[in-house]
Amino acid sequence: MKKFNVLDHEMVPEHVIISKKEVEALLTEYSITKEQLPKIKSVDPICKEIDAKSGDVVKIIRDSLTAGKSIAYRLVVD
Amino acid sequence: MRLAKKDTVKALERRGIDAKTAETLCNAGFTMGKLKKASIEDVMKAGISKTSAGKVMEKLSKIDTKVTKTTKKVKKEERGAVTPLLIDSKLKGLPLPLSIIDELRTYLNKVKPTEAQLERILQMSVDAYERARIEPCEAVGIVAAQSIGEPGTQMTMRTFHYAGVAEINVTLGLPRLIEIADARKVPSTPIMRIKLEPEYARDREKARALGWKIEETNIIDVGSIAVDMAKMQVVIELNEKILSRRNITAEEIAKKVGAETNLDVQLEGLKLTVNPGRHSYRGLLQLVEDVKGITLKGVKGIHRIIIRKENGEYVLYTEGSALKRVLQFEGVNASRTKTNNINEIAEVLGIEAARNAIISEAMDTLREQGLEVDIRHIMLVADMVTAEGEVKQIGRHGVAGEKASVLSRAAFEVTVNHLLDAGVKGHVDELAGVTENVIVGQPIQLGTGDVELMYKAKE
Numbered sequence: 001m002k003k004f005n006v007l008d009h010e011m012v013p014e015h016v017i018i019s020k021k022e023v024e025a026l027l028t029e030y031s032i033t034k035e036q037l038p039k040i041k042s043v044d045p046i047c048k049e050i051d052a053k054s055g056d057v058v059k060i061i062r063d064s065l066t067a068g069k070s071i072a073y074r075l076v077v078d
Numbered sequence: 079m080r081l082a083k084k085d086t087v088k089a090l091e092r093r094g095i096d097a098k099t100a101e102t103l104c105n106a107g108f109t110m111g112k113l114k115k116a117s118i119e120d121v122m123k124a125g126i127s128k129t130s131a132g133k134v135m136e137k138l139s140k141i142d143t144k145v146t147k148t149t150k151k152v153k154k155e156e157r158g159a160v161t162p163l164l165i166d167s168k169l170k171g172l173p174l175p176l177s178i179i180d181e182l183r184t185y186l187n188k189v190k191p192t193e194a195q196l197e198r199i200l201q202m203s204v205d206a207y208e209r210a211r212i213e214p215c216e217a218v219g220i221v222a223a224q225s226i227g228e229p230g231t232q233m234t235m236r237t238f239h240y241a242g243v244a245e246i247n248v249t250l251g252l253p254r255l256i257e258i259a260d261a262r263k264v265p266s267t268p269i270m271r272i273k274l275e276p277e278y279a280r281d282r283e284k285a286r287a288l289g290w291k292i293e294e295t296n297i298i299d300v301g302s303i304a305v306d307m308a309k310m311q312v313v314i315e316l317n318e319k320i321l322s323r324r325n326i327t328a329e330e331i332a333k334k335v336g337a338e339t340n341l342d343v344q345l346e347g348l349k350l351t352v353n354p355g356r357h358s359y360r361g362l363l364q365l366v367e368d369v370k371g372i373t374l375k376g377v378k379g380i381h382r383i384i385i386r387k388e389n390g391e392y393v394l395y396t397e398g399s400a401l402k403r404v405l406q407f408e409g410v411n412a413s414r415t416k417t418n419n420i421n422e423i424a425e426v427l428g429i430e431a432a433r434n435a436i437i438s439e440a441m442d443t444l445r446e447q448g449l450e451v452d453i454r455h456i457m458l459v460a461d462m463v464t465a466e467g468e469v470k471q472i473g474r475h476g477v478a479g480e481k482a483s484v485l486s487r488a489a490f491e492v493t494v495n496h497l498l499d500a501g502v503k504g505h506v507d508e509l510a511g512v513t514e515n516v517i518v519g520q521p522i523q524l525g526t527g528d529v530e531l532m533y534k535a536k537e
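From first to last, the protein sequence lines are chains A and B.
Just so it is clear: in the first sequence, position 63 is 63 by the numbering used here, and no numbers are missing.
Just so it is clear: in the second sequence, position 294 is 372 by the numbering used here, and no numbers are missing.
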């Protein structure tokens, strides 16, 4: 039995927790509230791996088939 | 026709061919295009002497070379105007997606434009991109639904199909698409595609051995099971060949069966006897079922493994899916191993991986049927379905059922329940969506209808 890090899987894009300042900038850019962001559960295997807590905003750098790279955000919820 | 002839004659005269020759050529049916491609022999057939035919050809080709020479000169002037470094720095600040920037970079480095041309190209690219983008207030959801729905009507209902994978049944076509949209907990034909580490992927024997390790082995697979009514016991006859192939010994089986049933198991050669100690016929039959259900070896749920060679490496296909456990096996290339069970992916690899899985599964299902749906529609569906952090279905227990508007929900399915519920609880419909406004006969909030005019009165 070997240990496998889920972040290494080819279907898992890069997840980064962004700082409070970046969250502010993001929310003002789109003039939205935090709750309007798509969600990710705090029990999500990726959240456990990068240690994201409820209330954090995760930046996801996806490999997009149309745009090359695309950036998405998810709010961590319980 | 006559006009065309006159034009050709004029064009030929301009090139220094005398009027008489030009007219004979035109009468023979030559046009400028045809003449350029024609050989001297072709021209001579029109009734012109060899010398004048040669002159015609010479004059035509001369003009052509002159033209190409001038274009070459222009190109030379352009060359060396901008460096790849400048192109890079200009591209960096553009509001374009990465794939378009990459494409622009390769082309620009090939073409080598002047700085003014570069500016123009970039400006035009940005303009073209802005034009191609979806406009605000566009009904993207409806467009996606129609774009998936129409090709969906052409899908065959045929459920089972051997999709190149030897002997493994795969649900494809419409049933599979419905399965993806309904976010079924377990698909009707779960399948895993296990990629292997290089040393296993090249060696068939090693791949096979790993396959036996992963495949679930039950008593039924290694021998026969019978009930001895006279002695009131269960007798298992093991097959030696299969035992060695599956790399399991009779002792191991005896131990495992003993541990699982908590009963006394005796082993004589290849004969296994389980003595239940209780003397009821029904109890004995139940014991047989229990013994059959014991997993002797491998991963529970992986019923069959098939080895295929793909692009020079051996790949294991499984009937049944257990991603989490399979990823832990030595020799499995965990980062490239996949399953078609989307919920399992969400559980093991997270919601973003599930989103990717939905996109690729839906696209593959459509493509297999020869239908090309733009990936953006599927991406929108995948985004909607995974927006809450878990894979929801599209139907009334998922995306459609969680809409804020009572009327919108009632318009979809189980109308009475929604209306009754809303009436009892005193829900208010804000009439903010499309469906509600269609029902009450107001302008819908789409396109120009979504724009509101406001007047700020002067104080």
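Source of the hints: derived by calculation from the structure; they are not laboratory data.
One thing to keep in mind: the hints can contain errors.
Stated by the list, open to error - Listed below are the simulated SDA-like cross-link pairs for lysine to any residue, each with C-alpha atoms no more than 20 Å apart in a straight line: (1) A:Lys2 x B:Glu468; (2) A:Lys69 x B:Ser167; (3) B:Lys170 x A:Lys34; (4) A:Lys34 x B:Ser167; (5) B:Lys284 x B:Arg271.
This one's a predicted model, so the numbers in the text were calculated from it and none came from an experiment.
Can you list which hints this structure breaks, lowest number first? 1, 3, 4
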